[in-house]
Structure formats: structure tokens, C-alpha cells
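Number of protein chains: 2
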Amino acid sequence: MRICLIGFGAVGQGVAKAISLKKKDIKDKFNIDLKIVGVSDSSGSAINQEGLDEKLLLDIKSKTCKVSDYSEYGSTNIQGIELLDSVDYDCLIEATPTDVKTGEPAKSLTLKAFAGKKDVVTSNKGHLALFFNEIINKAKENDVEFRFEASVGGAMPIINFSKKTLPSSKIESIIGILNGTTNFILSRMTSEGSSYKDTLKESQILGIAETDPTQDVEGIDAACKTVILANSILGIDCVYDDIDIEGISNISSEAIELAKKEGYLIKLIAEVSKYNLKVAPRLVKKNSPYAVDGTLNMATLKIDLADKVTVVGKGAGSLETASAILTDLINIGKLKN
Amino acid sequence: MRICLIGFGAVGQGVAKAISLKKKDIKDKFNIDLKIVGVSDSSGSAINQEGLDEKLLLDIKSKTCKVSDYSEYGSTNIQGIELLDSVDYDCLIEATPTDVKTGEPAKSLTLKAFAGKKDVVTSNKGHLALFFNEIINKAKENDVEFRFEASVGGAMPIINFSKKTLPSSKIESIIGILNGTTNFILSRMTSEGSSYKDTLKESQILGIAETDPTQDVEGIDAACKTVILANSILGIDCVYDDIDIEGISNISSEAIELAKKEGYLIKLIAEVSKYNLKVAPRLVKKNSPYAVDGTLNMATLKIDLADKVTVVGKGAGSLETASAILTDLINIGKLKN
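In order, the protein sequence lines correspond to chains A and B. Under my numbering, think of the first position of the first sequence as 19, with each following residue one higher. Under my numbering, think of the first position of the second sequence as 19, with each following residue one higher.
FYI, nobody ran anything at the bench for these hints, they're computed from the structure. Possibly wrong hints are sitting among the right ones.
Simulated restraints on C-beta separations [stated by the list, open to error]:
{"id": "1", "chain 1": "B", "residue 1": "D259", "chain 2": "A", "residue 2": "D87", "range": "24 to 32 Å"}
{"id": "2", "chain 1": "A", "residue 1": "E68", "chain 2": "B", "residue 2": "K320", "range": "33 to 41 Å"}
{"id": "3", "chain 1": "B", "residue 1": "D262", "chain 2": "A", "residue 2": "G312", "range": "28 to 36 Å"}
{"id": "4", "chain 1": "B", "residue 1": "D46", "chain 2": "A", "residue 2": "V257", "range": "25 to 33 Å"}
{"id": "5", "chain 1": "B", "residue 1": "A273", "chain 2": "A", "residue 2": "E264", "range": "38 to 46 Å"}
{"id": "6", "chain 1": "B", "residue 1": "T229", "chain 2": "A", "residue 2": "D46", "range": "34 to 42 Å"}
{"id": "7", "chain 1": "A", "residue 1": "K181", "chain 2": "B", "residue 2": "K135", "range": "46 to 54 Å"}
{"id": "8", "chain 1": "A", "residue 1": "K219", "chain 2": "B", "residue 2": "T229", "range": "42 to 50 Å"}
{"id": "9", "chain 1": "B", "residue 1": "K42", "chain 2": "A", "residue 2": "K181", "range": "16 to 24 Å"}
C-beta atoms are modelled at their ideal positions from N, C-alpha and C, and glycine is treated no differently.
Bound conformation, chain A alone (with noise of 0.2 Å):
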């Protein structure tokens, strides 16, 4: 499976990572031969039809930031989108950063790849959140496979899980954590009692919170997140504009404190179901499933033979999203084998 990564962020460097440590197991259990044959980021790409060297590539990427400084083999200034014109492959990984306002470069890099009939796997959220159902229906008349785990909860397995593992009932409604930024800092303002401004500050401090925190913490990120489990597990067509929002930024530390004594969490919960599409902070039992600290995701799926089943894993982290793009590549490679 020749491969053709775009975006070296912390994403594509993981997805580098994991195919480096994994390749031969991948070989070895399922017969499928990873190999990368083009890379971008915004300086430029690296090109290697016979396969890049995943441990050079992220060596360059350390050193200079550049990964068109990958100098064995064709390194270019071919940007992004050219680069599918420039490489046979068969997957795009597709891993630039969310944009909400357009979906782009996502989108335009996926249906192109799809009109090449050529599979992709993305852990982008912007054009699943406000296109869905265009970018479905493209693969489907182009007979191609679009794969998405890593968009939602980066290691919480919640899509492959929802499909694979739970044939026999029906799924109702989904109702979790989606935001490890955000869970991150309420977790810590009712461990401290500290303030939302402080516990932000911290959480910036510490790489967890971004220098423009406004995606997590006024729950854009969860609510892209819902766009995507409505449309793909619940069936629910909706689009981003249809997610009532509320983020955490109100959240007083009295709110939490005097939520605490009632033996409550405050949290900030995604719902997903046929009646209620919406992201808000919302009091959780201690004790539950809910009621999970730090930066973790987790969902708990309302089933009907089953009652409530719940998956719970690391929301991000340059690995542990890889490993999700590593299992759909895998689940398409089945597919082709």
C-alpha cells in the first residue's frame, strides 16, 4: 500500500512513527506492505517512489523543520495538492490542520484523491463537520474507501469500535467527553479549586491548552466531533451549524466546588442522539463513567440489548492518533487483499 501523507504536523509525524515501529507486524499478520512514497508539509515534500525512510523523515522534521530538506532520494517544492499529481499511491493520509470556517485544504486534497480513485484516511475534523454527506457520497460514486477514526477521541477507538464490535444491537445515542483540553482543565479546577483563567494559564504552560484556546474551550472541537458520530453511527444528518454550543469559559470554580458537595463533576458533554445534538458543561455522578480525569475522551453508547457500554482512551497525542490511522489503513488493506 503505497502511501502519500500530507501535513507533518504532530499527526503526520506520528503516523511516521508508528508505520517506522509497525510495518513488519503489519507485514508479517496481515500481508500488507506499508510504504510512504510522498510527504508534505508547508515547506515543500519529499518523494520517493521505492518508499521514504520514516526514521529520516522525522529526523529531518526535528532538525529543520522542513521535511523538503529530506535529501536521499527527490525532495521538492511541490506543494500539497500537487504532490497527488506528482506520486502513484494508493491511501492519502490525510492529516493538515482543522479549519471550521472552510474545510480546507481537507477537503480539496480528499476529492482529489477520490476522483484519482485512490482511498483516504484523515484525522481531520473541518470538512467531515460541514460537509459530511458530499464527501460520503464522493467516495461511494468514486467507489472508493474514506476512513475517519482519528477525527474523534485520537485513541478512543469510538467509530471502529460502534461498527465493528457491536453488530447485533442498536446504537440510540451517544453521550461523552470529546475534548481532552477541556476535560483537562475542569479535572484540575476541582482538584485544585482554582479559577478558570489560572487553570487555563497552566494548561498553556503545560502544551495541553493551545496559545488561542478557542476551539476547546468553547466547545468547537467537541461539537465537530458530534457532526461526525451523529452522520456516521446514529445516521443523523446534520452539519456543524446544527450543534448547539456552550463552552467551559463561564464555569466558575463556586460552580464546581458546590457541584462537588452534591457528589457531581462538571463536565463538558457531547450528546449525540436523534432528539438532541449539542455540546454544553453538565453535571456527571462521581463514580460513573463520566467521570473520567485529565485529558481522556470517552463515550458512552446507550445500546439497545445492551444498556450502556463505554469506551474511554487518550483524546490526542501524536501516537496514539497515529495508531488510529493505522488501524483504518489496516481495515482497508483487508479489504483489498
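Model the placement of chain B on the given structure of chain A, informed by the hints.
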């Protein structure tokens, strides 16, 4: 898929109910036609090669407690294992009670079905805890399918989850709460400050603990599940006698109170790894995935690429356990289609 169902207690009746509820969906979605052609309990059997009426079976069982009173067509005195010679079937659902001393009647039923080239789905733990490898090898020799999701954690789909959802990762250990009764008792002792003895009595009145609670409170049930997970998920060749077992009957309310003050809970934890095969009461952190209350089961898988992933679900319940059996049936049916 013609089903022979042996054992018509809570699990067996759950299977009849689940099939009755879901057979149309399963036919439509997977093109698998589920039909129960024989059922036996201790009273004898009900047989109809054209398919038994699930609702009538449940009705009669609830009225007379004897499946052999099913009168439409052939109700008989044929007992358990003889039934396998008396019907044409494709898959045995083996739902007899667990016996950790002999593994019977599960073992004999299973091996007889294998010898007849039939697939088997089980909810039983005894024969797996005692003879895991022997039974797996017999299934392989006879080239039949053998599934046992329901034997561990009821509706917590840990086995299918590990195999189906996480193909990219290597699972290094499993740590979890595998017994719902003891989790209920410890949770109540924690919330109420009550003694072990009183809480056990309360659990018996509620029908959560059995009249003879030994299997649960002494960790025997959790140890059987530990063997099953060790063999099936981690590939550790072990049997029941290899597990270090300590139950919860010595846990005092004082110990729980002490732990609570430091932010910990006491849970009966099963640990499954190359280095440790044990069931024992242990301290777990509040607000961690281990801190689930009531009769919930949970298991945290430590995996190489994705750190820790946790699944939580109802550990018992008639329909919940049946949902796991139904998932196994569907997965077998998909292979045959």
C-alpha cells in the same frame, strides 16, 4: 443458521428473547436467518426442525419452569447432550451453569458439537478456565468456529473489542473489574459506610448476590475470566490454578474509609499480564476509569501505540449477556455467507 440452545436459565432465556427481538433486523442487515430448532433445560427438551416459537418458549418457561412443556410440536424428555443427536443444527449455544471443578456439562457438550462439525457459542466459564487450550485446539482440528464473548463481562464486549477494533496495536496487559456482584458490594460499602456482612445480605435480598455467594466474593468468577482473557487476548497459556486469588470477604468498612480519605477506592481487580495473573482487592484512584460503581464491569487495555483504552459495560443481565452471544452468532454467520 439452525441453533440448538442448551441451558434455558437467565442466559438461555435472554438468547430466546434477543433472537425474537432481532431476527428480522439480522436477516435484513446481514442475511443471516436465525432459527432455534432445539432447546433443553433440566426438564427435557423442545424440538422443532422448522423453528421453535421464541415467545411461546419463554411463556411456557415462565409458567411451568419446564421447557419440555412446550407443546406445539415435539416436546420430549431428551436431556442435554442427547439433544445434539436429535436435531439438525448448525450452531450450539451452550448456556449451562459454570462448574469450575469439572467444567461440565459445558466441556462434553462443546466437544461433541465440534466432533459433529458444528460451531459453538458459549457463555460458560468453567470449561474455558480449566481446559482452554484443549478446547481451542479441538475447534481448530474440526475446522469449526468457537466464540465466547459472553463468558467475560456480559455486555462489556472486551474480546471482540480487542480482536476487531484494535488491529494496529499490541495489547500488553489487561487490568479490570470483572465481577459485578463484588463491585456492587464494595461500592455500597463505600457509599453507605456499611459492613461487608450487612452489605452482602442486602445484595442477596436485591438478587445481585447469590444465596451461596462464594464464586463471586472469593474471586473465583473473576479468576475464571482472567484465564479466558489471558489465553484469548494475550496468548498466555494458563489455567485456573495459575491465578493468585484473593476475595473481598476480609475487606472492612474501616479499610474502605481509610482509602476514601486519601482519594482512593477499594475494588476487586483482575490483572492479566505476562508477569501477573491475579485477582485481589486493590486501591484505585477516584475519577479514574477504574472508579466505576454498581454492578458495572470494566477493563483497561494497555496497548503499545495508544497507551490505555478502557471499555465499561454491564457485567451481567439476561439480555445483556445474550447481546454478546448474538454478536458472536452474527460474526460466525458473516463468515459463512
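Item to complete: Kindly confirm whether 34 to 42 Å is satisfied by the beta carbon distance between T229 (chain B) and D46 (chain A).
Response: Once the Cβ atoms are compared, 51 Å apart, the range 34 to 42 Å for D46 (chain A) and T229 (chain B) is violated.
Worksheet item: Do D262 (chain B) and G312 (chain A) keep their Cβ atoms within the hinted range of 28 to 36 Å?
Response: 30 Å, holds
Worksheet item: A273 (chain B) and E264 (chain A), beta-carbon distance inside 38 to 46 Å?
Response: The hint (38 to 46 Å, Cβ to Cβ) holds, given that A273 (chain B) and E264 (chain A) are roughly 42 Å apart.
Discussion item. Taking 24 to 32 Å as the stated bounds, is the beta-carbon spacing between D259 (chain B) and D87 (chain A) within them?
Written reply: Roughly 59 Å apart at Cβ, these two residues miss the hinted range, so it is violated.
Practice prompt. Check the following: the C-beta atoms of K42 (chain B) and K181 (chain A) are separated by a distance inside 16 to 24 Å.
Written response: 21 Å, holds
Fill in: C-beta pair K181 (chain A), K135 (chain B): status relative to the range 46 to 54 Å that was hinted
Given about 31 Å between the Cβ atoms, the range is violated.
Discussion item. Holds or violated: the 33 to 41 Å window for the beta-carbon distance between E68 (chain A) and K320 (chain B)?
Written reply: Once the Cβ atoms are compared, 36 Å apart, the range 33 to 41 Å for K320 (chain B) and E68 (chain A) holds.
Item to complete: State, for the Cβ atoms of D46 (chain B) and V257 (chain A), whether the hinted interval 25 to 33 Å holds or is violated.
Response: Distance hint for D46 (chain B), V257 (chain A) holds at roughly 29 Å.
Fill in: C-beta pair K219 (chain A), T229 (chain B): status relative to the range 42 to 50 Å that was hinted
58 Å, violated
Going through the hint list in order, the structure does not satisfy hints 1, 6, 7, 8.
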